[in-house]
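Enquirer: Residue numbers (the numbering used here), protein chains in the order written: chain A, 2 to 223; chain B, 3 to 260.
Hint data in this document are derived by calculation from the structure and do not stem from the laboratory.
Wrong hints could be hidden among the right ones.
A partial selection of chain B residues facing chain A, derived with a Cβ cut-off under 7 Å [unchecked claim]:
1. L68
2. A91
3. A95
4. M99
5. S103
6. N105
7. F107
8. A108
9. H109
10. L113
11. G119
12. K122
13. T126
14. K130
15. A153
Below, computed lysine to any residue pairings styled on SDA-like, alpha-carbon distance capped at 25 Å [stated by the list, open to error]:
16. K110(B) / I76(B)
17. K122(B) / L143(A)
18. K110(B) / F69(A)
19. K130(B) / E114(B)
20. K122(B) / F147(A)
21. K122(B) / Q136(A)
Even for Gly, the Cβ is constructed at its ideal location relative to N, Cα and C.
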Amino acid sequence: MFDFLEGYDVLGAFWTTVQLTLLSAVGSLVWGTILAGMRVSPVPLMRGFGTAYVNIVRNIPLTVIIVFTSLGLSNIFGVNLGAADDFDTKFFRLAVLGLSAYTATFVCEALRSGINTVPVGQAEAARALGLSFNQVLTLIVLPQAFRSVIGPLTNVLIALTKNTTVAAAIGVAEAALLMKQMIENEAQLLLIATIFALGFVVLTLPTGLLLGWLGKRLAVKR
Amino acid sequence: MTEVSVAKDAVAATDDLVVLKSVNKHFGALHVLQDIDLTIAKGEVVVVIGPSGSGKSTLCRTINRLETIDSGDITIDGKPLPAEGKALARLRADVGMVFQSFNLFAHKTVLENVMLGQIKVRKTDKAKAEEKARALLDRVGVGTQADKYPAQLSGGQQQRVAIARALAMDPKVMLFDEPTSALDPEMINEVLEVMQQLARDGMTMIVVTHEMGFARSAANRVVFMADGRIVEEAVPDQFFSNPRSDRAKDFLSKILHH
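Chain B with its partners taken away, still in its complex shape (with noise of 0.2 Å):
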């Protein structure tokens, strides 16, 4: 796909952090991710929706690198993003990622979750960590949960120790991989307002998500992906109101007319 027919009407970027330069990736014979180019400024929010099976998933986990890519170059703060081994490691601690199944350590309780990061990777000392860890899980919201383990919460519970899990590494920029997609809907607000409260806060997010909400109240910048390419990248308003691929149109269409 040639930049032409990509609709750019992006916010500029004073000051990138994360840099996708033509990123290809296939699974086998399925080509996924075909030649993304996307940047992400500091304190932006970016939203990425699609149909299912567009790549938008793969897209966030090559951010970290959980899925590798075939080609391209993704650069983070500036620097490429390592291979392997203790540098993207390095790099992993400061880049947060919440899963869309909350992944918390079913063997540790809630708290030793948010300290577990903080103690081993930053090396902070334990009363610190714990300080730090019961401070973040009051701000999202479950602190009085902090001695129960995972399997004890509730799924928008589980989902916002995860964000607190993340949070407790200071994270340059957040990956949320449908984060409220596992979760009744009645939680789904609750992690939404968690989530909403960090955009406020100037964190750097990158957000898949079916959630049209959430993409229209806090997103800087929506990116539409469909077939392993991004189609269309606007503001919220403007892609929301008035879009202008097709491929977009029948998307919307389809999810925003029940």
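In isolation and in its complexed conformation, chain A is listed as follows (with noise of 0.2 Å):
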């Protein structure tokens, strides 16, 4: 019954999303939390900045950002990220950076709002110490608001793993890259489908349960 899969690596393109998505997690966290930073930052221009850009990418479709990292970034102004040669390699690498910036707006917004249950007395006690804003914010804030929001970065998490297949639009040789080769090549459409869906839900069920057990050991206390 499961012959048609033979000569597909379905493994191999699996973990191909597993490292879309753990790279462009760690991008998207890293950024996400500098945009944080400077959305809550008392420099205007700073404000202004992560302002406008959570407002702009965030409101682009993921496949027009993805599509813009080949097409725009690589061939037009020639950002290659280190792999001019290797097409594999760049658009693999491209597509991270797509969806960094991308799932970087709403690792933002989510934090912002961990930001807020953080009470405003905490920060007073940090800089009634002598703290510096940098320090407020990355030893006393920040620490507090990722608590309180690992539920909505779970979210964001599982919509990265999804949002992962987009690379597709761009060759990276991904799960939904392969689902779509097997479908035109075998006649086995629901299998084929049922494979590709269960295989995602083995990945973010997990994903969901353990961040969700970690946000609960890890709430503040108050």
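Using the hints, build the complex out of the two chains.
Expert: What follows is the structure, encoded as structure tokens:
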């Protein structure tokens, strides 16, 4: 029944999906945290940039962003991320860049709502000790904000996992691209679709359970 | 308000540490601090009392610039209060603050709370900071709670940790913004005792409080505020037994005859 799978590297494709997800998760977490820092900064220029970035990038369809990294960044501006000749590596890296740039906006907004859950007295006490703005943010406010938004960040991570399928649009050999090829070549539409759907559930379900547990464990008691 | 109408009976200032000169502040239309002049000498304990909304908490918070002021000057140890940045942070490190709601860092243990400022601001090495933190926690009587999180402590214990956290910076002056107002009655004394000990040890203290007993026993001077002004300044005995302004008489008659 499953002999149509022969000759296809399903696991390898999902491994690419996992790599895309993890690298983009790290990228978007870092960039999203910086953006959130900008959005609560006392410097108007930084606040303005953070707000503009989030509101523009968040509202562009991911497909447009991913295709732009390839046709725009790479083809027009010559941004090849250190892999001009190795197409697989180049498009993989461009996809990570696009996914990170896009997902960071959601990380930023989740974090910003987390910052709002930290009582203002926490920051005041930290300022009263003589900590600088950056120290107050990184030592006191953000650690507490992160713990209160593990739930929303889990949503973002699950969405990111599924959004990696958009990378198929620029030919990254991840799960969705392989699925498309298999559907074209084999007469097993339902079975193939089910296998790939299950594959994503296998990736995201444990993520949700694990982070849900972690969120409860790390919750700040007041 | 002119100087004439303010009753000044204070101890003559020899070594001024905190000086406020004609400080004004508005919250929108509300003129919350009106031409405040106040001088606090080294080692002096000044208790600020007054009805709610009289501006006493705001006054306390302007001294380390948690509240900005609209006009006037504040100097600490001869240096004007910086507006922002590193200079302001440095000054704040020298001014200890204790809040009504404790504001212990909720994600850090009691010990980490007391070590944080030493390590990150004073750049003390970790072992020394821990040694000092444990000594301070013992001094305020919560040494056995060092590894717990703030939420696991009672209010009185949390406030004593907050005092230890402020003391860990070796501040020149300590500000107390209604330190016992959020406490259950049976926990008020344990905090007041720590504060009395501090006062005896010669710490310069500005205390906003409703605890008249503390004002009587520990203060060198009582400052009475009403409607954004300093109405009366006097030594405690005189203020409580023989207040001069009608506003103070009225206030005291309401709180002392229960």
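Enquirer: Can L113(B) be said to touch chain A, with a Cβ gap under 7 Å?
Expert: violated (15 Å)
Enquirer: Going by Cβ atoms only, is T126(B) closer than 7 Å to chain A?
Expert: With a minimum Cβ separation of about 13 Å from chain A (threshold 7 Å), the hint on T126(B) is violated.
Enquirer: Close enough to count: is the Cβ of M99(B) nearer than 7 Å to one in chain A?
Expert: holds (4 Å)
Enquirer: Should the hint that A95(B) touches chain A count as held when the rule is a Cβ pair under 7 Å?
Expert: holds (3 Å)
Enquirer: Given a cut of 7 Å on the nearest C-beta pair, is the interface hint for G119(B) held or broken against chain A?
Expert: Holds, because the Cβ-Cβ distance from G119(B) to chain A comes to roughly 4 Å (cut-off 7 Å).
Enquirer: Can K130(B) be said to touch chain A, with a Cβ gap under 7 Å?
Expert: violated (17 Å)
Enquirer: Holds or violated: A153(B) as interface residue toward chain A, Cβ cutoff 7 Å?
Expert: holds (4 Å)
Enquirer: Does the interface hint hold: is N105(B) within less than 7 Å of chain A, judged Cβ to Cβ?
Expert: holds (4 Å)
Enquirer: Take a quick look at whether K122(B) and L143(A) sit within 25 Å of each other, Cα to Cα.
Expert: Holds, at roughly 16 Å.
Enquirer: Taking 7 Å as the limit, does the beta-carbon of H109(B) come near enough to a beta-carbon in chain A?
Expert: holds (5 Å)
Enquirer: Are the Cα positions of K110(B) and F69(A) separated by 25 Å at most?
Expert: violated (44 Å)
Enquirer: Is the hinted pair K130(B) and E114(B) satisfied, with a Cα-Cα distance of at most 25 Å?
Expert: Distance of about 13 Å is within 25 Å: holds.
Figure legend: structure checked against the earlier numbered hints; hints not met, in rising order: 10, 13, 14, 16, 18.
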